[in-house]
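Protein chains: 2
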Amino acid sequence: MQRQELTSQIFKKRSYLCVGLDTDLRKIPHHLSGASADPVFAFNKAIIDATKDLCVAYKINTAFYESRGLRGWESLQRTIDYIPETHFRIADAKRGDIGNTSSQYAAAFFEAMPFDALTVAPYMGKDSVSPFLAYPGKWAIVLGLTSNEGSRDFQFFGAEEPLYSRVITRTMEWGSPDNLMFVVGATRDEQLLHIRELAPKHFLLVPGVGAQGGDLAKISRLGLNEEGGLLVNASRAILYADNGVAFAERAREVAAGYQAEMAVYLRESATGKQSR
Amino acid sequence: MQRQELTSQIFKKRSYLCVGLDTDLRKIPHHLSGASADPVFAFNKAIIDATKDLCVAYKINTAFYESRGLRGWESLQRTIDYIPETHFRIADAKRGDIGNTSSQYAAAFFEAMPFDALTVAPYMGKDSVSPFLAYPGKWAIVLGLTSNEGSRDFQFFGAEEPLYSRVITRTMEWGSPDNLMFVVGATRDEQLLHIRELAPKHFLLVPGVGAQGGDLAKISRLGLNEEGGLLVNASRAILYADNGVAFAERAREVAAGYQAEMAVYLRESATGKQSR
Chain A
1 MQRQELTSQI FKKRSYLCVG LDTDLRKIPH HLSGASADPV FAFNKAIIDA
51 TKDLCVAYKI NTAFYESRGL RGWESLQRTI DYIPETHFRI ADAKRGDIGN
101 TSSQYAAAFF EAMPFDALTV APYMGKDSVS PFLAYPGKWA IVLGLTSNEG
151 SRDFQFFGAE EPLYSRVITR TMEWGSPDNL MFVVGATRDE QLLHIRELAP
201 KHFLLVPGVG AQGGDLAKIS RLGLNEEGGL LVNASRAILY ADNGVAFAER
251 AREVAAGYQA EMAVYLRESA TGKQSR
Chain B
1 MQRQELTSQI FKKRSYLCVG LDTDLRKIPH HLSGASADPV FAFNKAIIDA
51 TKDLCVAYKI NTAFYESRGL RGWESLQRTI DYIPETHFRI ADAKRGDIGN
101 TSSQYAAAFF EAMPFDALTV APYMGKDSVS PFLAYPGKWA IVLGLTSNEG
151 SRDFQFFGAE EPLYSRVITR TMEWGSPDNL MFVVGATRDE QLLHIRELAP
201 KHFLLVPGVG AQGGDLAKIS RLGLNEEGGL LVNASRAILY ADNGVAFAER
251 AREVAAGYQA EMAVYLRESA TGKQSR
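The listed protein sequences derive, respectively, from chains A and B.
Each residue of the first sequence is one higher than the one before, starting from 1 at the first, in my numbering.
Each residue of the second sequence is one higher than the one before, starting from 1 at the first, in my numbering.
The set of hints was computed from the structure by calculation and includes no laboratory data.
Where a beta carbon is used, it is the ideal one built from N, C-alpha and C, also for glycine.
Where hints are given, some of them may not hold.
[Stated by the list, open to error] Computed spacing ranges between beta-carbons, pair by pair:
1) B/260 - A/81: 45 to 53 Å
2) A/156 - B/242: 48 to 56 Å
3) A/193 - B/198: 31 to 39 Å
Only chain A is shown next, with the shape it has when bound in the complex (with noise of 0.2 Å):
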């Protein structure tokens, strides 16, 4: 998906809502465990169904297929095949090798699946994230600053500048904001802030809102830019919203509460803007 289509899907949605399908088969609906061959896909189904409207991503977390072996795998499959095509489809599966490896993850995700983007983990530099832009109309989203207590480790090293800040630097030198993002964590607002100073035109995707204890007022705040400029992502606060029959019903409620929030930041945001 080209960077004009999503700022516009933003923009007639009123939502830069992006709905993590993080699925994990011991906490879906009991109902729905014994009703279906593949109850992770129907799950999701149902999910999909109730949220479309209200969001402009999805966001799959493939570790939850991949600790499920080859039937995950399958769920995995099922699920990025449904999802429409209207939507910014995101495997957040954190690859990054040397450059004739992540040509491979490349073609997994963009080839033998239909995503438009994947997250990547900057570890290894240039080859390892280069792959992922020669392919028109998809993304990497390179792990800027993250949310997680581990972030503190390695992302601040450095004395004159911080690790993440030279990730972000440096990256933006290997793509554009056509085909590059960055994962920026919910809970830091200062660096939110200098990194939207470092990358003023590219899309942040922010996790951690909801479960993880991110504030949607301030990343908006902070974040949205001309284009709209974020992609905020809610998991466990959409799936699990309810363990009953009625969990589409809430999880659709959940994300109508987000996308109704974002209808007023975006509103703030352009306003905002004119009267500068």
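Mind docking chain B on chain A? Use the hints.
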């Protein structure tokens, strides 16, 4: 596999060779492509049969399987099920994510599949590594310093010490020589010496011998310790030694060449240590 068992295999076979199964469907001999329902597994099976008495480990680069979608995962599952339990089985998958997601990857490689070890990208810190260390007899092999061109981009970042050094010393606090190894690129002699000083007891996984240009004599002189302490990987140099019907015999010859060299270096290392 426990460390004692790995060391025992190394001295018994006089080999610390790891054969990398980066099997590319486009590169395997033509006579296999049509003759089998799963030519990648047929190829791997022949390579394993031809090399298993000469090596102590197999490393499966998952990207080459993921790129083929569900069929690739089937080849991967068949291959890991075929590797003898006497061999140290490495998933070279460069995973790493927030704690609850890394736990899912651990389940994928240590429960759904019987790998002994997984390569792990360190960028997200402690909670991204720790879940792999929680399985008795299983290992995390954390990226220290890689041999690709892009390793210069971030792994040497830092003023007083380079990032790779910080990664190694910090990660050592989370595990022990019984469950933690490091990936060290074979093309960096000075750094290999430095890393051996930082982590005298840990096993080092050194990829890049053969096609990637590492020098086995130097690596062995700098890296061997009392327990062996090295796994040196060769992939393309062995897998694609010959493209005809004799591919497995030629692969065996190349592996035998490495093993014969390794027997010499192991003896020299033991003698050198006695004379000190």
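How does the Cβ-Cβ distance of residue 193 of chain A and residue 198 of chain B compare with 31 to 39 Å: does it lie in that range?
Holds, since residue 193 of chain A and residue 198 of chain B (Cβ atoms, about 36 Å apart) stay within the stated range.
48 to 56 Å was suggested as the range; check whether the CB atoms of residue 156 of chain A and residue 242 of chain B agree with it.
Given a distance of about 50 Å, which is inside 48 to 56 Å, the answer is holds.
Quick check on a hinted range of 45 to 53 Å for residue 260 of chain B and residue 81 of chain A, using CB atoms only.
Once the Cβ atoms are compared, 51 Å apart, the range 45 to 53 Å for residue 81 of chain A and residue 260 of chain B holds.
The structure agrees with every numbered hint stated previously.
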